[in-house]
Structures are given as C-alpha cells and as structure tokens.
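Use the sequences and the hints to build the structure in full.
These protein sequences, in sequence, are chains A and B.
For what it's worth, numbering that gives the first Met the number 0 labels the leading residue of the first sequence as 0, then goes sequentially.
For what it's worth, numbering that gives the first Met the number 0 labels the leading residue of the second sequence as 0, then goes sequentially.
It should be emphasised that the hints constitute simulated quantities derived from the structure, not laboratory data.
Take these hints with a grain of salt, some might be off.
Stated by the list, open to error - The calculated BS3-like cross-link candidates involving lysine-lysine, where the alpha carbons are at most 30 Å apart (straight line), are: (1) B/K169 x A/K26; (2) A/K26 x B/K334; (3) B/K139 x B/K334; (4) A/K26 x B/K320; (5) B/K288 x A/K27; (6) B/K480 x B/K292; (7) A/K26 x B/K421; (8) B/K489 x B/K421; (9) B/K489 x A/K26; (10) B/K119 x A/K27; (11) B/K139 x A/K27; (12) B/K320 x B/K367.
What the hints assert, rightly or not - So the derived label-pair ranges between C-beta atoms look like this: (13) B/Y425 x A/T35: 43 to 51 Å; (14) A/L6 x B/E266: 18 to 26 Å; (15) B/T120 x A/Y30: 15 to 23 Å; (16) B/Y425 x A/L41: 47 to 55 Å; (17) A/L41 x B/Y196: 58 to 66 Å.
What the hints assert, rightly or not - Here chain B is said to cover these stretches of chain A; the calculated rule only asks that three of the stretch's residues, wherever they fall, bring their Cβ under 8 Å from a Cβ of chain B: (18) 14-24; (19) 28-39.
Glycine included, every Cβ here is placed at the ideal spot set by N, Cα and C.
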Amino acid sequence: MEVITILLPLALLLGGFFILAFVWSAKKGQYDDLETPRFRMLLDDQKITKKSPTSIKDGK
Amino acid sequence: MQTCTHCDEIAVQALYSEIDLEKTQPFCCQGCLTVFHVLHQKGLDSYYEIKKNAAVYKRRSPVELTSSQFNYLEDVDFLAEYSYVNLNQEWTMEFYLEGIHCLACLWLIEKIPEFVEGVKTSKLDLERSVVTVTLKNNGKFSRVAQELTHLGYRPHPLKKNQDAANFRIKEERSALIRIGVAGAAAGNIMIYAVSLYGGATPEFAQLFNLLTVLFAIPVLTYSAFPFYQTAWNAIKNRTLSIDIPISIALIIGAFMGIHNLIVGVPENYFDSLTALVFLLLLSRYFLQKIQEKGLSASDLHFFYQSESVLVSVDDARDSFKEIHPRFIKVNDSLKIRPGEFIPADGIVLRGCSNLNNSLLTGESYPIKVEAGDHVFNGTQNIDHELIIKAEKVHHDTRLGGILKNIENGWAHRSKIVDLASKVSKYFTAAVFVLATILFFYLNAIGSTEHALEQAITLLIVTCPCALALAIPLTFTRALSKASEHGIIIKSDEVIEKLAKVENIFLDKTGTITFGKLQVTDLKELKGTAINLADIIFNLEKNSHHPVAKALMEHFKSQRPRAYEVLNHKEIFGKGVSGMIDGHYYEINKVGVFENDQLVATFSVQDIVRPDSISALASLRSQGLTVKVLSGDNAAVVEAMAKLIGMKSDHALFELSPEQKSQMIESTPHTMMVGDGANDAIALSYADVGVAVFGAMDISLRAADVYLTTPGLVPVEKLVTLSKETMKVIRRNLVLSLIYNSLSVTAAFLGLIDPLVAAIIMPVSSLTVLFSTLIGTKKLRHLWKS
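Structure below.
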C-alpha cells in the first residue's frame, strides 16, 4: 500500500490542475457564447483573395 | 420554382446578373442582386459557396435597399449612449442584424475587418443575431453600418447598459466556476467515500476522512453560497424558500463532519451533500440559461422601431439630416417616407397618405390623413411621403402613455408563491418536529449523545434534494420543449400561473385573423387583352397600399410577366392607372377597368385564419371561457364571431386599450392574447399575457409569452403544456416526499448511516429525473408532434 504515498499526491495534483484550468478558461470568457463557436470552427481561415472582379455596371 | 440565390425566397420574375451569362443564379429582386454584385466586387464570392452547404439557421426575407447613410451614428450624443469601451479598452458598439440566416452570414460578418477600414474585430453571436464591432483609432461606426447594409443586412444599434451587462457576464462566469468546483470536489470525495465504505484500514480511514473534509470545504462554502444567500434573504423578508431546509442540512452536515474528523470517527455525509450541491447548481443553471434565451429573444425587438428618421435642418431649403428617433425634439419637422413608422405624435404639415393604425387601435383598414390631421407614434405610413411636426415625443406620446400603463400593470400583478416554497414551509416545520421527537425519544431510552447524533442525522438526510432538483429540471424541460414549438416563455412562474387560467381573452386583428387584407372574392367579367394577373401585377407592383399588396400576393402564384407601363399614376385614395400595350387600365375600389369598361371585380378582407376555429373549439372543450376583445367596429367583429361560432355576447367591440384592461382586471385567472399596442396594457394586466407572432415591440415588453409561429394553435399547445407540466411537478413532489418519509422512518429505527444516505439520495434523484423525462401521455404526444 506504500504506492498510495505517490498516487495520492499525484491524483490531487492532477485534479487541482484541471480545476485551475477550468477556472482560468471560465474567467477568460470561453464559455460566454456556447452557440456560435461550433459553427465558426467549420469555416476556413483564409484571407480574401482580391482577384480582379469582372467589371459590372452598378446594378442600380 | 426558382429560388433566389441570395435570400432563398421564390423568385417570381427572376433577375440575373450581367456577369452570370449562363443564367444559373436567379435573384428575386434588385436588392438581392445588388448585394450579389457588392460581394463579387469585394472578392467575397465564397459566401454563396458556404451558403450552399450550410443548414438554414433562420429564415429571411429579400433585401430591401435603403438609402440610410447612418450619419447619426457619429453624433456625440448618440455615441455617448450607444457605444462603450470594452474590457480590452476598445471602442465598441453592438448591432442587431436583420437578415442573419446561416453559417455563410457568420463567415461574411467576421470577414469585415479585412475589407472595411478601421475595424479591429467583428464577432457575431448567431443565436441572438448580434454583432459586436470594435474599432481602431481611424474607424467609424457609420462606415460599418453602411457596409452591413451593402451586404444585405439591416443593422440596428443596440443600447446596452454596460455595467449591468458586465455584471451579468461576471455572475454567469462565477456560476459556472461554482458548478465546476462542486462537480470536481464531489467526484473526488466519492473516490475516498467508497474506500471508507469498503472498509479502509484505520490509518488510511483517518487520512481519507481528512481529504473528504478538505474537498468539501470549498463546496459547502464557495459553491453553496447562493443557497445560503437566498435562504438568508427569505428569512429576513419573512418569506418562504426551499433553500432554507437545504441550507440547514448543508450547515449541520458540515459541522457534524468536522466534529467527527476531530474526534476521529471516519463518518460524514459529504459525499451525498456535495453531489447534491453540484446537481442543484447545475439544474438551476440550466433553468436560468433557458429563461435568458427567452428574454433576449424578446428584448431584441424593442429597438425595431428605432430606425433613423429624417429631421429638417432648414425648412425653407427642404434639407434634412438623419437622426436617431431617441433624439427627436418637440417642434422638429420630420420627413416620414412610405413604409416607415411615425416616431412621434404630431400634426401633418405637408403631403397626404394612408396610415396603418392597426397596431395602435386594432382597426384593420388604412386611415387617410392630410395636412392638419393628427398622427400618432407607432402608426405606419403606407403610400406617400409626409412631413409632420412633432408635438409630443417619447414618454408624452400616446404610445409612451401606454408604456407607462404597462409598468403600472406589472406593479399591479400579484406575485405568486411558487409551489416548492409553499411545500417547503410545511416540510421544514415537520422535519424539525420529527427531529425533536426523535431526540427526546432516544434520550429517554439511551444516551443524550446518541440521541443528538441521530436527531442531527435526521435533519441532514431529510434535505428535500429530490424536490429541489426536480422542479427546475421539469421547468427547464417545459421551457425548452415550448421553444421548440415556437413558444418563448419568459419565466417558470408563468407556467404555474398558466395552469390556473380560466378565462382567455383574444384580440381579433392579427390574432384570430391574419392581420392583413386578402383577396376574398374575384370575378372576371370579361376577357382582357392581356392576362388579368399581368395587368394587376404591373400596375400595382410599386404601391405600398394594403389592397395593392393583397392583389399582388393573390396573383404571385400565376407568375405574371413584366410589361412596360406608360403614364403610370397612383391617384391618392382612388387607385392606380396606366397604359399597357396600347390599352388604358385602371384599378380602383370598384374593380379593374380596361378602356373604361369594368372587366373584373374583387373584394378584400382581413380573413379568419383557418386554424383559429379548431384551436378555439379545443380551448373551449378544456373548460375555458374564451372571449374576444376588439378595437374594431361592431359589424366586422360580429361577422367574425358568427364565423368562428362564438356567442355574440362573448365578442366585444370598439374597446379602447383602457377598457380592455378594465375587463381583464375585473376577471380572475386571465390570459390575454394579442399583438398590437392597443392590447399591451391588457397584456400586462392579465395574469398571463401572450404576444402573438408579428406583435409590436411594446406588446412584447408587456407579455410573458411570445409566439414565434402565427395563429392560435400555439396558444392551445401552451395551455396543454402548462397544465401537464404542473401535473409532472406534483407527481415529483409526491415521489420525493415518499423518499423523505422512508429516510425519516429509517432514522427512527436507527438504521440510517452515511452509506444508506448515499444510496437513497441518488436513487430518489434518479426517480424524479426519470419521472420528468417521461412526462405525461399528453406531454409525450406534444413533444413528438
């Protein structure tokens, strides 16, 4: 049972680390909007390529 | 049928871009086509690629071109009220966007910093359709708003009480942290509790016990703080709350656990208590989340009227500047364009036009006004430009008066004591009596120490956890299911009130009827040179008049062709005329004329929704009294009452907003269903106010429930939902009382210990959870449909 002297502090440290990580992320506002991010991750992060658009007369 | 590439509406006369030579991308109107060109010029064509594959999030309508320059966004007064500096010290403003509809909109909006100069970030909240824009030093909000308009959205600046908003965000974040800490600690405690129950050797038992106490401390102090707070407030105000028995159990449990640790007895209730705190916080968080969702959905409509308005700077030279309606002053000359809402009470200086009064008074036909006539805030200008002088603004207008009355109505309402609190009163008393009896009983037959220990145990294990958990869960489920059916309920209290409703009052226009004119009877008397549909479509297509709109709608499905109209005239209050293909056509009240010969007659009416009749019958069959309160005239209301099979003394007409609210005040257990400003006071005076689809912002504010789908069917669903939900709540109440009686019995028999408590608590919580999930037969039926 001596192994508990290592395992117990290890478990506590791990648990403590995750609690702190959670508190940090909550305080940073990562859980403020739970709806949009799931859509946002679908979009590619490419810059707009300003290809010379076909000229058009103003639609009005 | 072709659908518009941009807005997905049916394109009756499809337009194509000049760059789209194969004509593969149809557009329904010039507005949508213009946006397509703008996107193409900016190199944002990917918008349509993304849109093609994305699920539609919200429906939207075709783009309407506006000429607004948003100059008012740069006014110092305006900026002071509407913009703010965010937590990162950036200049920020929020806009509600009309027209947000899918993933592609998200992409487009968040690309703004790349093609609009001076914008630092632009973040869209899809659910609320709100974009938050922050600027660099050289940025301008008016520029952003113009660009948004070019992209086909309609931006409405949002006024934000920044302190309140920041406070709310902080509250929400700390609620999450409380839940997280409670969950993590409860999980860890369980590990050590199982070791203790499994029979840990004494040297470990004391260590594990110490660890459970250490983990429990943050939960019982930090996480459980909201319970203590509500309990304390309830005691201070001499009101009831279910948090009182919960707090008692938590505090006594904490002292007992620490005491046992000091005397070296490895026994405490922290595993059950921390899990309880975690589950309770979680269930309340869900309930709060879903209520906020309902609230923000209705909040957002409040500024709908706050489109910019043109105010005269120099009357002689006819020059106008754009301001926000918030800043209109008495004696300002305002230019009201067709389609716009009148933002103040005033008098017409120049021009004549038809006004739509239906939202303010309930009248279904337009009213003609000309110079010298009075006009009121909240009415819509239909067909011609008007110049009005503002006489009363903001709170002094008739609409403002209604708003004040609504506030009175709210104050007037009785606060109900919710069921849980009512029960908790008897509950707490009973538990204390039982604990005292147990103490004296055990004291008489055994040691005082043992008696005290057992009495305390009783107080801990009878904590009404199942009940406290079941109620928020049931309400959360009811509110979320309601919103799936397009019914947004502002709070859980409404459901309790709804279940008691006996009298339902309905508004006529827009509630029982469609709220807009429709062609009911069309007779073609003679053949015409070109199709009747083509005549009507080409003559009426630019008119804003309700009759013209009704005719257009009627002929839309026949896909009319476009013709050139010569000498096109709209004669005010009479009709329209013009030359098509060498023939002279005229449309007026009597009918359609070709070369002065009557060729067709039609009549228009605000007709009753077909589903109203069955919905009303179903409401009556549930034993509810249904009456109609209308501001419209006797003939119209009586005809409608006949049609829907209502007794004529139940259909009341020509009522002013005040009379409506008096009717409601003098009747107990009422529900009011309506849409216009004329219903708003009545909505706020009724026990439950329901604003129907298309309702005006003012009635949304007054209402407790908002329907996002038209018609009366949701009202019927709402009544069923609330009655059945209260049944589930009562069932959960009985179930949790049974479990509590079991633990009391066990305590009297001396059978209770932490292990028994650790079994009873999750089992009882699971039972009520299960009971909530299966609902009742009627609820299951409602959920499925």
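Hints, one by one, checked against the model:
1. B/K169 x A/K26: 8 Å, holds
2. A/K26 x B/K334: 48 Å, violated
3. B/K139 x B/K334: Given that 30 Å is the threshold and the Cα spacing comes to 26 Å, the pair holds.
4. A/K26 x B/K320: 44 Å, violated
5. B/K288 x A/K27: Roughly 19 Å between the alpha carbons, so the hint for B/K288 and A/K27 holds.
6. B/K480 x B/K292: 13 Å, holds
7. A/K26 x B/K421: 37 Å, violated
8. B/K489 x B/K421: Given pair B/K489, B/K421 holds - Cα atoms ~22 Å apart, limit 30 Å.
9. B/K489 x A/K26: Roughly 28 Å separates the two Cα atoms, so the pair holds.
10. B/K119 x A/K27: Holds. B/K119 to A/K27 sits at ~19 Å (cutoff 30 Å).
11. B/K139 x A/K27: 28 Å, holds
12. B/K320 x B/K367: Given pair B/K320, B/K367 holds - Cα atoms ~27 Å apart, limit 30 Å.
13. B/Y425 x A/T35: 43 to 51 Å: 46 Å Cβ-Cβ, so the 43 to 51 Å window holds.
14. A/L6 x B/E266: 18 to 26 Å: 24 Å, holds
15. B/T120 x A/Y30: 15 to 23 Å: Roughly 19 Å apart at Cβ, these two residues keep to the hinted range, so it holds.
16. B/Y425 x A/L41: 47 to 55 Å: Given range 47 to 55 Å: holds, Cβ gap about 53 Å.
17. A/L41 x B/Y196: 58 to 66 Å: 47 Å, violated
18. 14-24: holds (count 5)
19. 28-39: holds (count 8)
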